[in-house]
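Use the sequences and the hints to build the structure in full.
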Amino acid sequence: MEHVWGQAYVSKDPKALERILDDAFVNVDSDGKLQAKADVLAEMRTSTTLQVLTESMTVHLHGNTAIVTGVFLIKGVERGKPYAQRVRFVDTWFYKNGQWVSIAGLVTRIG
Amino acid sequence: MVLVCLTSLAASAQEAAGSDVARAVRALESEWFEAQARNDNRTLDLIFDNALVYVESGRLVTKGDYLLRVRSAKPQLEQIVLEGTTVRTFGDTAVVVGTYLETGVKDGKPWLKRWRFVDTWVYKKGHWMLVAAAAVPVSK
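Protein sequences appear in the order of chains A and B.
Okay, so the first sequence: first residue is 1 according to our numbering, each after it adds one.
Okay, so the second sequence: first residue is 112 according to our numbering, each after it adds one.
Bear in mind the hints are in silico, worked out from the structure with no lab data behind them.
Using N, Cα and C, we set each Cβ at its ideal position, and we do this for glycine too.
It is possible that some hints are incorrect.
[Said to hold, decoys possible] Listed next, with one range per pair, are the computed distances between beta-carbon atoms: (1) 79/A to 238/B: 23 to 31 angstroms; (2) 42/A to 195/B: 21 to 29 angstroms; (3) 248/B to 55/A: 19 to 27 angstroms; (4) 42/A to 248/B: 17 to 25 angstroms.
Following this line, the structure appears as C-alpha cells:
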C-alpha cells in the first residue's frame, strides 16, 4: 500500500489516493504543517515529485493497526532544477471494511 | 529538569464518540511527559509498547534507546508546554495530533522551538500502549 500510495502521488491519481487515505486521515509534513486528506490531494495536483524511491521500510503489526516506518528518496524538478531529498516517514494504517487505509502520517527530512 | 505544563486541550468532532478514549489517552500523554521530566523509566516502560517506533528530527529511536537516553539524561533547564491536541479514534486505535512548545537557555541565550507531533496508541491487554510517536519542528 505504501508503494501504491507513492505511485498514486507521482502519477497524480486522485482516485487511488482517495481509496488509500481514510476520510479522517491527518498528516504532518516536513515543515510541521498539518494536512487533512483534502490538503494532500490538493498538494498532489501541483506536486513537482517525479519519483519516490523506497530505501528502507519496516512494518509493525498491532492487531488491525500497522505502523510503517522507513526512508524515501524523493526526486523531482522544481523551477527547472532537479532535487533529491531523503525523508523518514511514519505511517499508521488501519484495517477497515476489508481494506487497509492510512489514518495518519508524518514526514521528516534527513540531512 | 524538564518542566511540563499542559494547556488548552482542544476537542475534535471525532472525539464525541470516543471521549472516554480521548480522556484516557490524553492522561497517558501527560503521564509520559511527567515521567520523562523525572527520569522515571519504570513508568515509561509500562506506557511504551516494546515495538515502539519513535522518530524525532529524522532519527529513528527504539524503546531501548529512548529509555537509555532518559536514564542517562542530565537535568536541563528546558520547559515543554503542550499547546493543544486532537484525538481521533479508530476502534482500539487512537491517533493524537498536537503541538508543544519547547523553551530553554543555551549559552545564556533563551531559545524556543515549536514541534508538531503524531502519536499512535493501541489498546492491548487492557491497557493503551504507545506504538508510534514522531515529531517535526514547525517552520516559522
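Between residue 42/A and residue 195/B, does the beta-carbon spacing fit 21 to 29 angstroms? holds (24 angstroms)
Beta-carbon spacing of residue 42/A to residue 248/B - inside the hinted bounds 17 to 25 angstroms or not: Given about 24 angstroms between the Cβ atoms, the range holds.
Is the hinted range of 23 to 31 angstroms satisfied by the C-beta distance from residue 79/A to residue 238/B? Since residue 79/A and residue 238/B have Cβ atoms about 51 angstroms apart, the given range 23 to 31 angstroms is violated.
Please check whether residue 248/B and residue 55/A have a Cβ separation lying inside 19 to 27 angstroms. holds (23 angstroms)
In this structure, only the earlier hint numbered 1 is contradicted, and the remaining ones agree with it.
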